[in-house]
Every structure is written in C-alpha cells, then in structure tokens.
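With the numbering used here as the guide, the letters of the sequence shown map in order to residues 1 to 302.
Just to be clear, a hint being listed does not mean it is correct.
What the hints assert, rightly or not - Derived pair list, reagent style EDC-like, types lysine to aspartate or glutamate, alpha-carbon separation capped at 20 Å: (1) 219 with 274; (2) 171 with 98; (3) 129 with 113; (4) 228 with 113; (5) 259 with 143; (6) 259 with 274; (7) 90 with 143; (8) 272 with 240.
Don't read these hints as lab results, they were simulated from the structure.
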Amino acid sequence: MAKCKFVLIIFFFLVGIFVTPSYAGKPQLDADATAQLSGIEDSLLVMADSMMNAIPDYKIDYCVRFTKFLRNALEIPNSFNYPFTRLAAKIHILYSEDKTFRIFNWLIAPTTEIRRYYGVVQMDSEQPKYYPLLDAASELGNDIATKTLDNKHWYGNEIYRIMDQNVNGQKVYLLFGFNSNGLGSNKKMIDVLNVNEDGVSFGAPIFSLPNQVTGRMEKPQRIILEYKKTAQVYLNYDADKKMIVYNRIASEVTEPNRKGTYIPTGQMDGLKWENGMYQYVKDAIPVLRLQDGQAPIDGVMK
1 MAKCKFVLII FFFLVGIFVT PSYAGKPQLD ADATAQLSGI EDSLLVMADS
51 MMNAIPDYKI DYCVRFTKFL RNALEIPNSF NYPFTRLAAK IHILYSEDKT
101 FRIFNWLIAP TTEIRRYYGV VQMDSEQPKY YPLLDAASEL GNDIATKTLD
151 NKHWYGNEIY RIMDQNVNGQ KVYLLFGFNS NGLGSNKKMI DVLNVNEDGV
201 SFGAPIFSLP NQVTGRMEKP QRIILEYKKT AQVYLNYDAD KKMIVYNRIA
251 SEVTEPNRKG TYIPTGQMDG LKWENGMYQY VKDAIPVLRL QDGQAPIDGV
301 MK
C-alpha cells in the first residue's frame, strides 16, 4: 500500500508539471529570475543529498520534495538558460547536441537491490515546456524491445549520453543509458527519443542486429544488453570508427534465456549508420587471436 501511495504521489507531482501556462513571448532570464533560480538550486542541493544519503524510509519523501522544487524552477520563464551548474554535480543534466532540450535525470535506492529512476525533459521553447519521465520498466513485460513508449511509460535508466540522428529528414535522439535495478542483472541500453509538438515518445526501428538468443536479424525499437551483475559491458559511440561499439555477450553457462549469466565474449561488435539505419557490423574491433607460443610484435604476428 505504501509503495502504491508513493507511486501516486510522484505521478501527481510530475503530471502536474506537464501542463504549463502560456506566455506571449520568451523573456530573458533577468537578475531577479536568476536569483530566484539560484535560491531554488540551493534547496535542490539539500534535497538531492537527502534523497541519496538518508535512511531508506526517508529517501522517497525527499525525492518528492526534490521533484516539487524542480517543478517550481522549470515554471520560471526562460529557465532553460539557467545552467544549474551546482546541481549537475549531484544528478545528471544532459543537453542534446543541437541544444533544443535538456534532461534532468536521477535515481534513488530505497534498498541495496532496488533502483527508482526519474527524469524530466525540458525544452528550449518560448513558453515553459517540459515532460516528466515516469519509470514503468517493471510493468513493460519481456517484449520491451518491440514497443513504442510515451513519457508515462518510460524504461527508467541513468542516461550517460545523448546523440542526435537524422532519420529520413526527421531528427531523433539516441539516449545511451544504464539500469542496475534488481538482483539478477544489469542493462546497458540505447533508446530513441522522438520530440514533436504533442510531446515526447520513445522507440524507433532504426537498428538492424541479431537477436541475442536466436541469432536472427531483427529491427528492435531500442537496444537492451542485459548481463551478469558483476560483468562490465561497453556500449557507446566511437567517433573515430563512426559507429556504435559494444561488447558481444553470451551466457557463460550456455543457457541463453538466463540473461543474468551473460558476460562479454571478448569480441566487439558495432552498428554503423548506412541506408537510414544502424546496420550490424560483426567484429567491429578485430581481436588478435594467438596460438600457444605466439606473441604480437609491433602489432604483427611473428
């Protein structure tokens, strides 16, 4: 019951900031507004420390307070131009490459196993416009890779990179993230953020890669690499190679349906943008395979 009440409280606080009043123009961030935002940032810093470091029973309450203060800040006209530099040392604040929006992103850990993820997308617009991200990962089922999601049904994660991508004349945004909720596994992922006048949504079939279990080529709405809790998996864009690069992973006990047993195999695969999609590149970073007694000299087999 308490958990349900918490979800409802967060829902009403966040949905309350979804509908914002209309302004005729885009005012500059004057001295009074800057001072007001600085004061709110002071309060946000206190709430951030508390929701992350308080005893578990109080973390949720501090998270609710943090959300209220953030809502108040985003209601101030032209607040997009306030950098929240100090707050950025406590939570993630990431900008799109084209600077049309930024995402406030944080998590709390009510227990050592549970992670709750939160986010708000703030647009750089003529009037305050922002969209809450409500973590619904536990409700989305096993076919999450095939679903298009909205901001009220977001696969919660810590976002560590935003990358712009043009798709058939439309701009979308790749969100690279990490989810460590639960006992059995962690997840690295790439979701696709779509932005339009009606709001934001997640997912687009712009990837072509083999299914981890069946090996069949498929076009998922998002990429999710699920793996053993103690493993380290890489997933990011490599500017030199001009492609997304990631660890190939497989079950260490040859049971592909048990994602908590997946570990890196040693190979690095990639996804390269070609013909309007990220196409699979096997062995994007070649691995030098040595026989017993062999050793590389200056990168050449001798």
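Status of the hints after comparison with the structure:
Taking the CA atoms of residue 219 and residue 274, the gap is about 14 Å. The hint holds against a cut of 20 Å. Pair hint residue 171 plus residue 98 holds up; C-alpha atoms about 10 Å apart against a cutoff of 20 Å. Between the alpha carbons of residue 129 and residue 113 the distance comes to roughly 34 Å, so the proposed pair goes past 20 Å and is violated. Between the alpha carbons of residue 228 and residue 113 the distance comes to roughly 14 Å, so the proposed pair stays at or under 20 Å and holds.
This hinted pair checks out: residue 259 and residue 143 have alpha carbons roughly 14 Å apart, not beyond 20 Å. A threshold of 20 Å between alpha carbons decides the hint, and for residue 259 with residue 274 the separation of about 30 Å lies outside it, so the pair is violated. Between the alpha carbons of residue 90 and residue 143 the distance comes to roughly 33 Å, so the proposed pair goes past 20 Å and is violated. A hinted pair counts as satisfied when its Cα atoms are at most 20 Å apart, and residue 272 with residue 240 qualifies at roughly 12 Å.
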